[in-house]
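Working from the sequences, and respecting the hints, build out all of it.
If you use this note's numbering, the sequence shown corresponds to residues 1 to 423, in order.
Check the hints yourself; a few may be wrong.
Said to hold, decoys possible - The calculated lysine-lysine pairs, modelled on PhoX-like cross-linking and capped at a C-alpha distance of 25 Å, are:
1) Lys330 to Lys264
2) Lys127 to Lys186
3) Lys338 to Lys264
4) Lys127 to Lys88
5) Lys68 to Lys127
6) Lys68 to Lys134
Claimed, not checked - Label-pair distances were calculated between CB atoms; the ranges are:
7) Lys127 to Asn403: 21 to 27 Å
8) Gly267 to Glu32: 24 to 30 Å
9) Thr233 to Leu302: 49 to 55 Å
10) Pro179 to Val84: 44 to 50 Å
11) Thr233 to Pro54: 39 to 45 Å
12) Asn403 to Asn50: 19 to 25 Å
13) Val77 to Asn146: 15 to 21 Å
14) Ala277 to Asn74: 30 to 36 Å
15) Asp43 to His367: 37 to 43 Å
16) Ala277 to Val348: 39 to 45 Å
17) Arg396 to Val148: 47 to 53 Å
18) Lys338 to Lys134: 31 to 37 Å
19) Trp418 to Lys338: 22 to 28 Å
Hint data in this document are derived by calculation from the structure and do not stem from the laboratory. All C-beta atoms in this analysis are idealised placements derived from N, C-alpha and C, irrespective of residue type, glycine included.
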Amino acid sequence: MNIYKKLIFVFVQILIIIAFTLPAHADTFNAEGFLTTTSELDDIRLRALNNEPPHSDNVRDVLVEAEKAWPYPNHGVSYTTTTVNGAKLCHRENDSVNRERVLHSAAQLIYGKVLAFYFTREGIYAKEARDLIKELTQSDGFKYVNGVVTYNGANQCSLALSWLVPLLIESAILLEGYPGWTDWHKNELQYWLAVEVYPLTAAISRTRKNNWGNAASFASWSIGHYLNNIQDTDPDFRLEEFYPQRLSLLPRSAKYQHGEMQLKRIGNEWAGDSQCADFGVQSHGGIPDELRRGPDGECTDLFLRSNNNAQYSYQQKTISNLVYHAEALKRHGHPRHKLYELELNSDVETLLQAIHFVVQNPHSSDHSYDWEFWQIGTLRVANRTFNNSVLCDQIRKSRTRENIIGNSYLPYTKITHWEVCRD
1 MNIYKKLIFV FVQILIIIAF TLPAHADTFN AEGFLTTTSE LDDIRLRALN
51 NEPPHSDNVR DVLVEAEKAW PYPNHGVSYT TTTVNGAKLC HRENDSVNRE
101 RVLHSAAQLI YGKVLAFYFT REGIYAKEAR DLIKELTQSD GFKYVNGVVT
151 YNGANQCSLA LSWLVPLLIE SAILLEGYPG WTDWHKNELQ YWLAVEVYPL
201 TAAISRTRKN NWGNAASFAS WSIGHYLNNI QDTDPDFRLE EFYPQRLSLL
251 PRSAKYQHGE MQLKRIGNEW AGDSQCADFG VQSHGGIPDE LRRGPDGECT
301 DLFLRSNNNA QYSYQQKTIS NLVYHAEALK RHGHPRHKLY ELELNSDVET
351 LLQAIHFVVQ NPHSSDHSYD WEFWQIGTLR VANRTFNNSV LCDQIRKSRT
401 RENIIGNSYL PYTKITHWEV CRD
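Here it is as structure tokens:
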């Protein structure tokens with residue numbers, strides 16, 4: 001370990017000691033996000049204070065990440081989608097290199113800083129998260145593709161925003177426990193989501209059958225959920241949709257409708273823009289519009305042909321979108337929208353069957369593969385509900401390789417979902 005790393009390590013250890021010996025800097029606050037609650041975070045904090053494994057190490061690792069500076073300054077600017085040699089790129093207008101990772105990384109870093117605030121009660125972390133959100137709400141231009149307003153699948157920023165939104169809203173919900181997060185900040189975020197983001201994610205939710213649609217339905221549902229109380233101060237407020245048809249919805253109606261869209265998308269009746277004769281999650285757990293990816297993929301494949309192709313990665317990507325939405329629906333959804341419990345084609349839960357398609361394929365044990373270790377957070381979240389031995393085996397295999405962030409779409413589950421599959 002070089003001297004720089006030693007100094008960082010010592011600094012973080014001192015910070016942990018100070019944080020756990022000072023009184024709380026925020027009033028007692030109870031909130032439930034899509035992945036965790038403030039009471040769950042408080043429990044982890046106390047366990048770390050008592051040096052209970054794995055919490056003390058995990059909290060330390062979270063603080064190391066939270067101390068990192070934001071590597072993409074000036075993200076409150078105009079974004080756009082451009083096409084280069086047929087490839088769609090969502091990027092800041094003055095930056096075509098970093099592309100959509102700017103937005104994706106923003107959500108991850110903001111969430112990490114919010115967790116650090118709850119583990120330490122140090123307002124500096126919450127302030128940094130708040131300021132990043134505040135700057136983000138100054139950004140615009142997402143609806144343009146090569147200078148033309150575009151709401152269909154040609155708009156790569158629609159996907160980037162769909163990845164961003166759930167974790168961003170999760171962070172904002174938890175930030176309400178910080179006195180420096182005011183109604184003004186919340187309103188700024190709400191109106192930005194309504195004006196700049198929702199028309200794009202809603203359009204993709206209502207048209208696309210693949211992972212784009214899965215992510216967009218969850219993002220649109222999340223916006224409806226987060227804006228549900230806006231009617232208290234603005235009774236005439238509506239969420240506007242422009243494509244594929246013009247709609248003007250109350251937030252609660254938008255939330256319900258995009259929950260319905262998620263169920264339709266994974267079902268076998270609504271085709272959307274599917275390129276397959278059979279569509280939706282199949283009885284074996286495969287997802288045809290992801291199985292067709294790659295040079296050799298076919299909609300009708302009964303197993304993944306390799307763990308080094310687009311079939312393998314996109315099956316997992318879609319499941320990540322669905323698991324995150326299922327967790328949110330479990331906590332905040334309509335009674336009709338029980339995604340975890342949904343059984344489409346067999347007596348096995350559909351999401352569990354889709355996971356088994358990768359790791360314990362019912363048609364071919366020779367074509368079963370370990371879950372990507374850096375995406376294991378998907379299984380951590382799902383297994384809090386399923387408590388499945390196959391998923392536990394996968395989680396245990398990843399423990400020595402998994403860092404504290406893990407899956408960038410479902411990050412930090414190593415600390416928030418630590419209790420699943422304990423030895």
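Against the structure, the hints:
1. Lys330 to Lys264: Cα-Cα ~18 Å, so holds.
2. Lys127 to Lys186: 14 Å, holds
3. Lys338 to Lys264: 13 Å, holds
4. Lys127 to Lys88: 34 Å, violated
5. Lys68 to Lys127: 14 Å, holds
6. Lys68 to Lys134: 18 Å, holds
7. Lys127 to Asn403: 21 to 27 Å: Given about 26 Å between the Cβ atoms, the range holds.
8. Gly267 to Glu32: 24 to 30 Å: 28 Å, holds
9. Thr233 to Leu302: 49 to 55 Å: 53 Å, holds
10. Pro179 to Val84: 44 to 50 Å: Since Pro179 and Val84 have Cβ atoms about 46 Å apart, the given range 44 to 50 Å holds.
11. Thr233 to Pro54: 39 to 45 Å: 43 Å, holds
12. Asn403 to Asn50: 19 to 25 Å: 24 Å, holds
13. Val77 to Asn146: 15 to 21 Å: Since the Cβ atoms of Val77 and Asn146 sit about 18 Å apart, the hinted range of 15 to 21 Å holds.
14. Ala277 to Asn74: 30 to 36 Å: The hint (30 to 36 Å, Cβ to Cβ) is violated, given that Ala277 and Asn74 are roughly 47 Å apart.
15. Asp43 to His367: 37 to 43 Å: Since Asp43 and His367 have Cβ atoms about 41 Å apart, the given range 37 to 43 Å holds.
16. Ala277 to Val348: 39 to 45 Å: Once the Cβ atoms are compared, 23 Å apart, the range 39 to 45 Å for Val348 and Ala277 is violated.
17. Arg396 to Val148: 47 to 53 Å: 50 Å, holds
18. Lys338 to Lys134: 31 to 37 Å: With a Cβ separation near 36 Å, Lys338 and Lys134 satisfy 31 to 37 Å, so the hint holds.
19. Trp418 to Lys338: 22 to 28 Å: 25 Å, holds
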